Amino acid sequence: MMALVQNAAEGYKKMEIDAIELSDSKAKIIIKDTTNAFVNSLRRVMLSEVPTLVIDDVNIYDNTSVLFDEQIALRLGLIPIKTDLKSYNLPEECSCNGEGCTMCQLSLTLSVEGPKMVYSGDIISADPSVYPADPKIPIIELKEDQKLFLEAIARLGLGKTHAKWQAGVACGYKNLSKITITNCDACGICVEACPQNIIELQCTTAVVTDPLKCTLCKLCEDACDIDAITVDQDESVVILNFESDGSYTAKELIIEASNVLQEKASTLKQILQTLQ
Amino acid sequence: MIPVRCFTCGKVIGSVWEEFTKRSESEDAGAVLDDLGINRYCCRRMLLSHVKLVDILSPYQ
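In the order they appear, the protein sequences are chains A and B.
Numbering-wise, UniProt numbering puts 26 at position 26 of the first sequence, and it's gapless, one number per residue.
Numbering-wise, UniProt numbering puts 13 at position 13 of the second sequence, and it's gapless, one number per residue.
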């Protein structure tokens, strides 16, 4: 067993990470010398274990709009809120034992009279550093004489409890494609067949212009009459795509996800050490 | 009311609704969606297939 662990350590190469695309809401990252299992765990943490602050309880004092109280509460819950993990605790980990204190709860109020379109930006937060990530989300359109007055309580939570706490959106990964072209007669059939248009004819052979765009559909392989092209995947290189819902920037999200993963690994290590 | 998020992927789509309806009167709806960064077909159908009911319902309160 010990020998096995040592061998694994010797074979371990430090992974290389390159950001192909990195904006506030979206990222495409290429990770070399890694495994699908590792990137998948990162992806799953982003979807279900990164805490976000979201409206969880709503006290409605007055609602004469066209929507029912429950529907308004649902819409409020889905609004992403800029999350500051340093100032808030998960209710179950808070020193108040989940009873609710300023360390694990945030109160927000919304008071509007029609005629007016109510936006997420109209919500007034008790903590000025925490506010709805997108101020332009319509909540409800109030007509003449309609009113909405409510108090909402936001809490930290995990995506595995309810999708409203899910910080990562549309997270996915794929392996980098490895396309080899040998003895090509430059007939151009594969160029026609590729739905991503990433194969080009250059002189006497077909050339792949952008392997990152390859979806591994293998249509070029099927189209080639002389089997000159083969599509394979490089399992040590993973392209990770993810978006954030707005509660974090994409960069913060992946850093937070790796923190959660690291914490889990160290908890496991601690438990294993106490077993001996 | 337009849903806050896409039912399938969870991307916030409510915030682009007003710009989408305004611009799609004069422009091609598909091109407007591309421009607004609504790329996946799950999010696109949220906006394309939405029927606004507030004005129809409000007289019956």
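What the hints contain is simulated information worked out from the structure, not anything from laboratory work.
Incorrect hints may appear among the rest.
Take a look, some chain B residues computed to stay more than 10 Å from chain A by CB distance [stated by the list, open to error]:
1. K11
2. V12
3. S15
4. E18
5. R23
6. E25
7. A29
8. A31
9. D35
10. R44
11. R45
12. S49
13. L53
Only pairs whose alpha carbons sit at most 27 Å apart, straight line, appear in this in silico DSSO-like list of lysine-lysine [unchecked claim]:
14. B/K22 x A/K116
15. A/K213 x A/K28
16. A/K251 x A/K136
17. B/K22 x A/K160
18. A/K13 x A/K32
19. A/K32 x A/K218
20. A/K136 x B/K22
21. A/K143 x B/K22
22. B/K52 x A/K116
23. B/K52 x A/K13
24. A/K269 x A/K26
25. A/K26 x B/K22
26. B/K52 x B/K22
27. A/K160 x A/K82
28. A/K178 x A/K13
29. A/K86 x B/K22
Keep in mind that this is a model prediction, so the values were computed, not measured.
The C-beta atom is built at its ideal place from N, Cα and C for all residues, glycine as well.
Item to complete: Go through the numbered hints given earlier and state which of them the structure violates, listing their numbers in rising order.
Response: The structure conflicts with hints 1, 2, 3, 4, 13, 17, 23, 24, 29, although it agrees with all the remaining ones.
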